[in-house]
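Asker: Here's the letter readout for the chains.
2 protein chains.
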Amino acid sequence: MLKQYSLRNLTAPEVAQLVARNTDANHAIQDAVLQIINDVRERGDESLRELTAKFDKIALDKLYLEKDDIEELAMTITRDQQRALEIAFQNIHRFHSVQLRKERSVETMPGVKCWREARPIEKVGLYIPGGSAVLPSTLLMLGVPARIAGCKEIVVCSPPQKSGKINGFVAYCLQLLKIERIYLTGGAQAIAAMAYGTDSIPKVDKIFGPGNQFVTKAKSLVQGMTNVSIDMPAGPSEVLVIADDTASPAFVAADLLAQAEHGPDSQAVLVATSQALIQQVNSELAKQLEVLPRAEIARMAIDNSYAVAVDNLQEALSFSNTYAPEHLILETDEWESLIPRIVNAGSVFLGHLTPESAGDYASGTNHTLPTSGYARSYSGVSVDSFVKKITFQHISSEGLNHIGSTVEILAELEGLHAHKNAVSIRK
Amino acid sequence: MLKQYSLRNLTAPEVAQLVARNTDANHAIQDAVLQIINDVRERGDESLRELTAKFDKIALDKLYLEKDDIEELAMTITRDQQRALEIAFQNIHRFHSVQLRKERSVETMPGVKCWREARPIEKVGLYIPGGSAVLPSTLLMLGVPARIAGCKEIVVCSPPQKSGKINGFVAYCLQLLKIERIYLTGGAQAIAAMAYGTDSIPKVDKIFGPGNQFVTKAKSLVQGMTNVSIDMPAGPSEVLVIADDTASPAFVAADLLAQAEHGPDSQAVLVATSQALIQQVNSELAKQLEVLPRAEIARMAIDNSYAVAVDNLQEALSFSNTYAPEHLILETDEWESLIPRIVNAGSVFLGHLTPESAGDYASGTNHTLPTSGYARSYSGVSVDSFVKKITFQHISSEGLNHIGSTVEILAELEGLHAHKNAVSIRK
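These protein sequence lines are chains B and L, in that order.
The opening position of the first sequence corresponds to residue 4 in my numbering, with each subsequent residue numbered one higher.
The opening position of the second sequence corresponds to residue 4 in my numbering, with each subsequent residue numbered one higher.
These are calculated hints, taken from the structure and not from any lab test.
Be aware that a few hints might be false.
No copy labels: a pair is met if it fits in one copy or bridges any two.
Below are the DSBU-like pairs computed for lysine-lysine, each with C-alpha atoms no more than 30 Å apart in a straight line [claimed, not checked]: (1) Lys181 to Lys116; (2) Lys392 to Lys155; (3) Lys105 to Lys155; (4) Lys126 to Lys392; (5) Lys392 to Lys116; (6) Lys392 to Lys65; (7) Lys290 to Lys430; (8) Lys392 to Lys105; (9) Lys105 to Lys116; (10) Lys392 to Lys181; (11) Lys290 to Lys126; (12) Lys70 to Lys430.
Here the structure is a predicted model, which is why all the values come from computation and not from measurement.
Let the hints inform the model, and build the full structure from the sequences given.
Answerer: Below is the structure:
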């Protein structure tokens with residue numbers, strides 16, 4: 004059952020309390036992760052083998068699989084499954100390929116030409132979670148934009164399965180992406196390996212991908228300890244559903260549960276224009292939970308979630324912008340007019356027939372998104388995340404005539420005479 | 004005098020050593036900064052007043068200046084200075100305003116429509132360094148893209164001058180940007196104030212701007228401790244000049260010194276196609292240093308710098324890409340053909356008449372750039388830095404027919420049945 008609040012009765016500090024996600028540093032996790040990072044940095048592959056034996060219960064000789072193994076594993080899945088992965092790949096590719104466009108050059112003054120050019124980040128590391136749920140979709144979500152950007156070296160790490168290998172779905176996605184090697188290491192140790200490099204695993208410039216608390220903490224830590232960068236800080240997944248009287252309680256409940264089954268710390272928030280709707284959704288939740296394989300997990304997440312009754316859709320959007328959800332679903336007939344008012348969200352699902360799970364897999368948008376309120380300042384992963392934009396400028400002698408004295412005056416007023424001289428000496 | 008190396012005689016580990024910047028954590032700084040952050044978080048404005056008295060030697064009553072004060076201060080500068088700041092403002096505005104463009108919507112399958120829309124980050128904090136050198140140019144570099152992005156609240160912090168106010172140049176830039184308030188606080192305490200909020204200073208979503216080691220450390224720390232984000236990790240400024248026989252040793256020396264005068268920890272690297280050129284540049288350096296007001300600082304930086312002789316421009320570019328400089332100057336006749344080979348750099352200055360100082364002030368490009376090798380994965384500040392891009396998707400009933408079974412198959416193979424049900428229930 005979702006806890007129920009009425010926005011009308013909440014004070015500002017109570018709202019702030021409701022939208023706050025748990026951001027307390029867990030020092031027990033931090034200490035364990037720091038120890039892993041230092042061990043991998045010092046002992047490299049040897050440490051990775053030991054940690055894989057300890058955490059994944061597998062003794063690995065070679066720390067990676069290559070083309071032949073991948074080919075063999077990819078053949079173990081059905082043609083229907085292959086076809087579904089292909090469609091997801093194509094849609095993700097279609098959506099992301101419009102993101103890289105040339106920008107026009109600007110002549111800011113006669114003879115002063117400035118422009119930006121994108122360059123791929125050369126070496127990127129993709130972390131694909133394994134363990135209880137293996138997520139081939141995450142490999143597509145990270146691998147496709149990396150390929151479109153043109154990254155030279157794509158290092159993929161994922162914990163090995165009980166077989167000491169990877170599953171066939173991940174293998175098939177590697178084939179679709181033309182990636183010929185995968186490193187069999189997971190957890191904080193995989194992040195450390197990509198940040199520092201080991202004999203087997205190359206050091207990368209930027210690390211991408213979701214993971215559990217250990218992986219997330221490791222990403223934050225290596226970002227501060229090395230000059231590797233990361234896609235974004237990540238926390239437990241979350242959805243906020245805005246529903247009015249046009250919504251189907253069954254659809255709403257299904258969407259909340261799709262979020263809830265991710266993990267006990269997932270959050271599913273319902274913002275509804277009536278108390279009656281909240282009650283209907285609650286009974287649908289009870290009904291659907293009965294037949295859900297991961298009901299135990301989902302029930303814990305639902306207990307960790309809540310519903311807020313509001314007077315109208317404007318209030319609903321205002322609450323949503325304050326919450327800044329990773330996923331926002333508008334289960335309303337009138338979704339189009341609401342779009343301009345959405346300020347903070349990761350990915351938005353419009354109308355009654357756009358379930359969030361479509362975006363998780365196959366609509367084409369990226370599912371690696373900012374959580375925990377980071378949607379206030381972060382975008383989800385896109386081709387932009389795999390490039391940097393370099394600025395260029397060229398000044399002709401005409402340009403130097405136009406801009407010279409301005410630079411000289413500004414350098415002088417900041418007290419930087421060598422800056423001034425770099426212009427004066429050229430005049 | 005620049006230390007001299009010949010690339011031909013260097014081993015790979017020696018090159019790695021040369022391009023490494025000092026990234027060691029200084030725990031003395033970290034501890035001091037953590038104490039400041041915690042104090043500001045707990046005691047707010049009271050702590051800010053005490054720290055300003057301690058570090059800036061000024062007893063402040065009100066922690067900010069408003070419109071009338073700003074207007075008065077702005078009138079204290081000359082018309083020529085105003086005009087130079089206006090031209091810089093215009094050029095920066097021209098260059099940055101092409102950066103925000105609508106992306107087209109993509110129909111990934113019939114009935115499945117996906118697109119991205121940019122939204123301004125609502126509350127941004129700009130840190131403008133004060134102290135020995137006051138940098139009004141930094142206010143323009145951060146304020147102009149924030150305005151173009153449409154940020155609702157722009158919080159500017161800068162340490163007070165001896166007068167207890169700000170200087171006229173900064174005041175005039177505030178007027179150009181239509182920012183009507185500036186907060187008189189600097190250092191780590193300013194960063195803490197913007198991250199947590201105090202009675203006077205609003206909490207922001209993202210913090211921008213360069214600063215000394217304390218400011219930089221504070222930005223890294225609050226990024227991990229709160230859900231505020233930062234523009235980029237920043238370190239000492241740096242330039243790499245590539246010069247061949249067409250270069251003027253005097254221009255090259257002037258550019259190296261413009262970098263060197265920033266601070267003793269700045270780095271100015273020369274990559275030249277001949278030893279003779281390096282010697283000529285070294286004598287020019289000696290000559291120009293004699294008349295430089297900040298010669299003492301520049302000399303320390305030059306001692307901290309070096310020159311590398313290479314056989315050809317291809318080698319020069321390869322070294323530069325390994326170094327990943329904040330600023331790259333190509334003092335060659337043949338710069339155009341080299342552009343495609345530039346992979347890692349913050350901002351690039353092309354040809355003999357494009358001094359780096361033009362980009363610092365007025366060419367139009369941004370001067371807030373990645374240092375310390377972060378150019379491998381970070382871009383400089385742009386309008387992109389002040390927005391986030393939200394993905395949207397709408398699926399029609401035709402779309403659901405097309406995409407439904409793909410989502411169902413993929414959800415099932417990942418073992419997420421509620422994800423599958425969110426589609427099935429709608430069919």
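Asker: Compare the structure with each hint and give your call.
Answerer: Checked hints:
Taking identical chains as interchangeable, the C-alpha atoms of Lys181 and Lys116 lie at most 30 Å apart only when they sit on different chains, with a minimum of 27 Å there against 39 Å within one chain. In this assembly of identical chains, Lys392 and Lys155 lie within 30 Å of each other by CA distance both inside one copy and across copies; the values are 16 Å within and 26 Å between. In the homo-oligomer, the alpha carbons of Lys105 and Lys155 lie at most 30 Å apart both inside one protomer (20 Å) and across protomers (29 Å), since each shortest distance falls under that limit. For a Cα distance limit of 30 Å, the shortest separation of Lys126 from Lys392 qualifies both inside one copy, at 16 Å, and across copies, at 24 Å.
Taking CA atoms no more than 30 Å apart as the test, Lys392 paired with Lys116 passes in both settings, with 16 Å inside one copy and 28 Å between copies. Taking CA atoms no more than 30 Å apart as the test, Lys392 paired with Lys65 passes in neither setting, with 37 Å inside one copy and 41 Å between copies. Taking identical chains as interchangeable, the C-alpha atoms of Lys290 and Lys430 lie at most 30 Å apart only when they sit on different chains, with a minimum of 19 Å there against 80 Å within one chain. With identical chains, the CA atoms of Lys392 and Lys105 are at most 30 Å apart both within one copy (11 Å) and between copies (18 Å).
Taking the shortest Cα distances, Lys105 and Lys116 sit within 30 Å of each other both inside one copy (16 Å) and across copies (23 Å). In the homo-oligomer, the alpha carbons of Lys392 and Lys181 lie at most 30 Å apart both inside one protomer (26 Å) and across protomers (28 Å), since each shortest distance falls under that limit. Taking the shortest alpha-carbon separations for Lys290 and Lys126, neither the intra-copy value of 48 Å nor the inter-copy value of 43 Å comes in at or below 30 Å. Taking CA atoms no more than 30 Å apart as the test, Lys70 paired with Lys430 passes in neither setting, with 60 Å inside one copy and 39 Å between copies.
Hint compliance for this structure: hints 6, 11 and 12 are not met, and every other hint is.
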